[in-house]
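Could you put the whole structure together from the sequences, leaning on the hints where they help?
Protein chains in written order, with the working numbering: chain B, 1 to 240; chain E, 1001 to 1617.
Quick list of in silico lysine to any residue cross-link-like pairs, SDA-like style, CA-CA up to 25 Å: (1) B:K152 x E:E1490; (2) B:K152 x E:Q1525; (3) B:K3 x E:R1324; (4) B:K59 x E:R1324; (5) B:K152 x E:G1218; (6) B:K100 x B:Q24; (7) E:K1050 x E:S1060; (8) E:K1336 x B:D69; (9) B:K59 x E:E1199; (10) B:K59 x E:Y1327; (11) B:K59 x E:L1507; (12) E:K1499 x B:A117; (13) E:K1336 x B:R134.
Some but not every residue of chain E turned toward chain B, in silico, with C-beta under 7 Å: (14) E1472; (15) K1477; (16) C1478; (17) V1514; (18) L1520.
Cβ pair distances, simulated, as ranges: (19) E:H1573 x B:E119: 43 to 51 Å; (20) B:A117 x E:G1316: 33 to 41 Å; (21) B:P149 x E:S1427: 30 to 38 Å.
Hint data in this document are derived by calculation from the structure and do not stem from the laboratory. The beta carbon of each residue, even a glycine, is placed where N, CA and C say it ideally should be.
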Amino acid sequence: MPKLTINGIELEVERGTSVLEAAQFLGLPIPTLCHDDGLTPYGACRLCLVEVGRPPRTKLQSACTLPADDGLIVQTHSARVERARHLLLELYVATCPQSKTIQDLASRYGVAQVRLAPEFEDCIQCGKCVRMCREQMMAGAIGFAFRGPRRKVMSPFSWQSDVCRQCGACLYICPVVELRCHGGQPETTLCSGCLNFAPACLTYHDHAMCFLDPCVACELAGPLRQDLVQPTPQREATRK
Amino acid sequence: MPKLQSLAEFEQWRVACRAQRDPDRPCLAVCAGSGCTAAGAPDVLAALRKAVTRAGLEGSVDIKSCGCHGFCERGPVMLVWPEGTFYNRVAARDAGDIVANVSNGRRPVERLLYQDPITGARALREDDVPFYARQQRILFGNNGKIDPTAIEDYLSVGGYTALARVLSQMTPEEVVDEVKRSGLRGRGGAGFPTGQKWEVMRQQPGTPKYLICNADEGDPGAFMDRSLLEGNPHSVLEGMIIGAFALGASEGYIYVRAEYPLAVKHFRIAIAQAEEHGLLGQNILGSCLNFRVHLVQGAGAFVCGEETALIASVEGRVGEPQQRPPYPAQRGLWGKPTVINNVKTWASVPVIINRGADWYAAIGTAGSKGTMVFSLVGKINNTGLVEVPMGITLREMIYEIGGGIPGGKELKAVQIGGPSGGCIPASLIDLPIDYEALTEAGSMMGSGGMVVMDESTCMVDVARYFMEFLEEESCGKCFPCRKGTQRLREILTRISQGKGTEEDLSLLEDLGWVVRETSLCGLGQTAPNPVLTTLRYFRDEYLAHVREKRCPAKVCRELITYEIEPTLCDGCHACVRVCASDAILGEKDQVHTIDGAKCIKCGACLEVCQPKAVLVH
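Next up, the structure:
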């Protein structure tokens, strides 16, 4: 069984445990956006970075993908780690200022000021929905398409996928979902419809990433909602 | 030719190949590398063939189309063997004279010899040319001697002897040890000690094991790997076969960009020839070594040069990197132990085996051994491929090999290591080129791109340009690289438009830091280098942009205005004719003026103005 040191505490864990799990076992809070216990580690959000190695030769590595190995020396809250998380969260808030999860994380890490223009993006591409769909729902109905600045989550060719069972798991697991589907709510409120499995659907938002069709919430709401969900000029502008 | 069944048969064949070659027989070796081909090498080749036929010398004079000789600036270049006479800027019309002189006492054609731009002296051979004199071409040296599509040519210059030696006299451990002792470091960029990588690989349990040759050369302006694959594919293949023996690998892959059709073609020919002769396949040369090589073409994503992304691409998945560990040596292609090395690293292996680790380790500096190949481009007189011993200074590189800056301008900076390399200022010109020194200066060895910039280059603009490239080439998987490069580019664009503030500079530093520290793969970890180094060495230039809204190099369009100096203008109308936006007013023979509202600042008038009356402020 590998023995490692986290923040000066020695511990022995089972082979195959990740550093993130080991740190969580010690009760150390490590923020993540792309990690979920039931999914394979992805290492894309970079928030779970920890400082690994014996000073001065240390390196920042994502804890979720790093296997706990013999003799590993890990710092989970060093100055370097804190600075990296702080700046990353500033970048996250600027990208997706409407997400409650991100806002909460940011305030926990003391991000009081964002020096970058807000973008109001719907997705941070943490890939949780993609892995959820493939690994837990055994469907693989959605995936990443394109590359770099144009990369996004979508169903094949943007058509309703044949293998999609409309289970809603993708919405359930999304960390920015509070406004990812804009529900039938005005701009200023959070919809959270997904939390009770009643998300608003694509009928009203051609660019919302809701893969449910038909969507229960929208059916219930009916045409009443249409006037509420007119895209605002500001949101349209940021999307272009 | 039947398959070679044993080392003895191989030796027989090799001796026969050498014997067939008459060392005194004239051979015209024309460079058919990318640069020379663009400059007209195919016409030269056709003209030479015609001239040989006309002179009735068919069968007594050989004509070869070779790989890149490196001196692209003076292309098309050619060598006349056995004397090794070096001709540059050869045109089809020179063919008659060249052939006539070969048959007639073998006197060189004086006018085609390289002429020193300062002294005017003619150089007879490559070694007499300053561009070549400082080089040590252990990988590229054979490019001028062999036809890349003929395995016999490679054999006649000592090819596959390293393989024969390894199979007959060495154990796999000894080969790994030899590579380790040579101090060879990965030539793909990161500079990881190859011997160490091989040792880790050897210790891995599990079969099969795989080898990969990384020929996904994506840097703009770099063509080292391409030239080596085009000009001497068997040297890379031999390195891979030796690697297979040392590491116990049974299959190898070479990942080449589809944009390199000639490299693909030549390497395919090399694989087919090696298979035909029993140098690949089952029981190579009668030994117990079984090894096959497959060629995979990449679709041109820069990120696929990263090893985990490359593996994903070979497997048919999206070319996105994965967090290491596990390293490919532990879990690589199809989940099996895999070793990935660059084209030049593989090609160095036969050289190390043949000439010994000690010989190789004697070249270079304490930490960086051997030679490094650079593509020397930008504002430099002698553009081309150069192979130099590690530790050579930038000064020697630029002023001795490169022949200095054109137009007598001042050197400003050198960008080393491809798009994500850093810009090294002219003040560090005596910096030795090795892995450690470059990293310390904020740059990196990278795969060996070297872009020279003169005083007319704006460093903010340079940083913006490379950020644009990297934003586009980021795979988008990890957040800091995808968003960080985009934000960096946005801020740099803002600064170059004169809309930046001083706070933007600290924001650039913060963002650069976080992208470098937190990105998943090498692309993101090095992406901020151009920004961070230009900020470090050329801060006053950034300050001029944000404080005074001025571009000192007069490059950033939003910050400059064009004006015609009335006392200098002779009213020739040349500028009016080239102006695409009709912004220049004034009748012929009258003083012209520029309408600032219409001017798009393209600089066309500046180029055509004879009396130099167009001024940029």
